[in-house]
Amino acid sequence: MAAKPGSAPVTYSPNLGQKTRPPIFKDNDLDWVRPDGRGFHQCRPAFFRTGAVNSASGSAYAELGSTKVIVSVFGPRESKKAMMYSDTGRLNCNVSYTTFATPVRGQGSDHKEFSSMLHKALEGAIMLETFPKTTVDVFALVLESGGSDLPVVISCASLALADAGIMMYDLVAAVSVSCLGKNLVIDPVLEEESYQDGSLMLTCMPSRYEVTQLTFTGEWSTPDINEAMQLCLDACNKLGKVMRTCLKEAASGSQE
Amino acid sequence: MVGLSVGEKHFIQGGIAQDLRSDGRKRLTYRPIYVETGVIPQAHGSARVRLGATDVIASVKAELGKPSALQPDKGNIAIYVDCSPTAAPMFEGRGGEELSTELSVALQRCLLGGKSGAGAGIDPTSLVVVEGKVCWDLYIDGLVISSDGNLLDALAAAIKAALSNTGIPKVDVAADATSDEQPEVNISDEEFLQFDTSGIPVIVTLTKVGRHYIVDATSDEESQMSSAVSISVNRKGHICGLTKRGGVGLDPSIILDMISVAKHVSEQLINKLDSEIAAAEASEEES
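Each protein sequence line maps, in turn, to chains A and B. Taking the working numbering, I'd label the letters of the first sequence as residues 1 to 256. Taking the working numbering, I'd label the letters of the second sequence as residues 1 to 287.
By construction, these hints were calculated from the structure, which means they are not laboratory data. Keep in mind that this is a model prediction, so the values were computed, not measured. Ideal placement from N, C-alpha and C gives every residue a C-beta, glycine not left out. There may be inaccurate statements among the hints.
[What the hints assert, rightly or not] Pairwise CB distance ranges, derived in the manner of DEER restraints:
#1 B:Leu-4 with A:Asn-94: 25 to 35 Å
#2 B:Glu-92 with A:Thr-134: 16 to 26 Å
#3 B:Leu-20 with A:Met-84: 13 to 23 Å
Sequences and hints are given; from them, build the entire structure.
Shown next, in the form of structure tokens:
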């Protein structure tokens, strides 16, 4: 599924506004160009579409550059018999890669780390008490890995949950920032991720201004953390708007 | 998981709000920490850390291996954590597996740094014997013996202690090796190389209960948490990794506040841990 001709994908990039920031780039770094020609603080064009899978209660497809992800949501349905009684609903998340998602042919098996991260990022946004005794299954499949896979999976999954009509406090938007030398690069592609010195992933609920999940790797100083978090929050805001537009379009389309 | 009555829950929450916890500690005080090193003779290095009723063992084993083709100048380091069902019945089966993965991933993120190896507690280039041919593979295994909350901090402390206890055998490389053959190596039984462990960060977990956050939560206190943030800080005061647990969202300003608190707490923890490790090493040599 590709973007329809004529409907140009909506681009979002953090609005740095008129705020004066200390220059973080040294002069000799400025001639460095990102592999896809973006600015350091510019995200890839985001394309979202709901209703990608017919049999699921809700589903979404996301495409950011060459990262392509499909997420389906099943349920709420009866929890497995072995599960104990619970007066709040359960969330079951599973992220897997296709065998052809990565440059080297992979195993195509479950990605346990991403599955648990997806669970942690979403559980704070879902009103689990609205579906007691039942389970919602979220299955994500990375069709093509092009960098920033997990943030794309998380954003796409929250859209799929909304499509399934699961009650949520807000959509969850996720963005990652890579630290390459002294530069902070938003929404890194695969090539940049393999050289990164550190990375930060932030998932937040834009309208509530709440962070549901945050991870850092590598060594960070406090000014860098502030800078990177602000970048991510700005980008999440923009991404949230794109996701909201997608939902509105889907809703108005089904009424016609 | 922890069966608490309504009264007990109120008591814990009220105590935290008044800066006097059930065991008499303040919000930002750790339980006494005990370190023992060299507890596993089979391993190259090992340590046991006790933090109240939380009891963990970390062991370091080194094997000669081949560096990956993508990073010929770096050795491999792997961290795995095992939560044995002997510690708590909920560790059996899937529950333990999930917790083990969560802890392993968090430790890898906090101790091994970014993909390029920057910010890593252990310098992976120091593990290389012959570039592109031979390197040490370091297997760090954590075992939870008894669990009373704050496993991540205890495991990180145990790994730090185990690494400072580790001696890697010295390796002599046969000089006549041609460029494409696998060089012959000779492992020495007597000479050991020590790691520089001063750069290894400690992990401080701040658990948010009500409006306040506490360090070193017991499992009773953990059952009342809304969310927890684990921050790894090195001696320089730089953040080396951060993970959030618990679903409830946090305001970004609170997270920044938590980071500065963690930095402050980590200074004391690093000093305490270093003196404990030194004492443990000394008593091991005596016996």
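Which constraints among the numbered hints does this structure fail? Numbers only, ascending. 3
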